[in-house]
Amino acid sequence: MNYTYMVRCSDGSLYTGWTNDLEKRMRAHNAGRGARYTKSRLPVTLEYYEVFETKEEAMRRECAIKRMTRAQKLALLAERSR
Numbered sequence: 036m037n038y039t040y041m042v043r044c045s046d047g048s049l050y051t052g053w054t055n056d057l058e059k060r061m062r063a064h065n066a067g068r069g070a071r072y073t074k075s076r077l078p079v080t081l082e083y084y085e086v087f088e089t090k091e092e093a094m095r096r097e098c099a100i101k102r103m104t105r106a107q108k109l110a111l112l113a114e115r116s117r
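Those letters in the sequence shown? Residues 36 to 117, per my numbering, in order.
Treat the hints with care, since some could be wrong.
Said to hold, decoys possible - Ranges between beta-carbon positions, derived for each pair: (1) A70 x A99: 28 to 36 Å; (2) E88 x D46: 16 to 24 Å; (3) D46 x R68: 28 to 36 Å.
What the hints assert, rightly or not - Computed cross-link-like contacts, DSS-like style, restricted to lysine-lysine with a CA-CA straight-line distance of at most 27 Å: (4) K74 x K90; (5) K90 x K108; (6) K90 x K59; (7) K74 x K101; (8) K108 x K59.
What the hints contain is simulated information worked out from the structure, not anything from laboratory work.
From the three backbone atoms N, C-alpha and C, an ideal C-beta is built for every residue, glycine too.
Modelling step: build the complete structure from the supplied sequences, incorporating the hints.
Structural data, given as structure tokens:
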């Protein structure tokens, strides 16, 4: 499986990415090896994820989320938590 995910950093910012191993990726982020952006904003917490069959689908969704405004991303998180 492939995942598009969003984490909340310790400074309150949001980071979106994709992976084929969500647990491993979260461990990497919190160990300071996940992404340059999150490295200085630890710890991060998983706020949202979607599952896809293919890497390409996950990458397309990542791009779509990254194009969203912060308000749209927060609305997506709020919608998902209901």
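Results for each hint:
no., hint, verdict
1, A70 x A99: 28 to 36 Å, "violated, 18 Å"
2, E88 x D46: 16 to 24 Å, "violated, 34 Å"
3, D46 x R68: 28 to 36 Å, "violated, 19 Å"
4, K74 x K90, "holds, 24 Å"
5, K90 x K108, "holds, 21 Å"
6, K90 x K59, "holds, 16 Å"
7, K74 x K101, "holds, 18 Å"
8, K108 x K59, "holds, 24 Å"
Of the numbered hints stated above, those contradicted by the structure are hints 1, 2 and 3, listed in ascending order.
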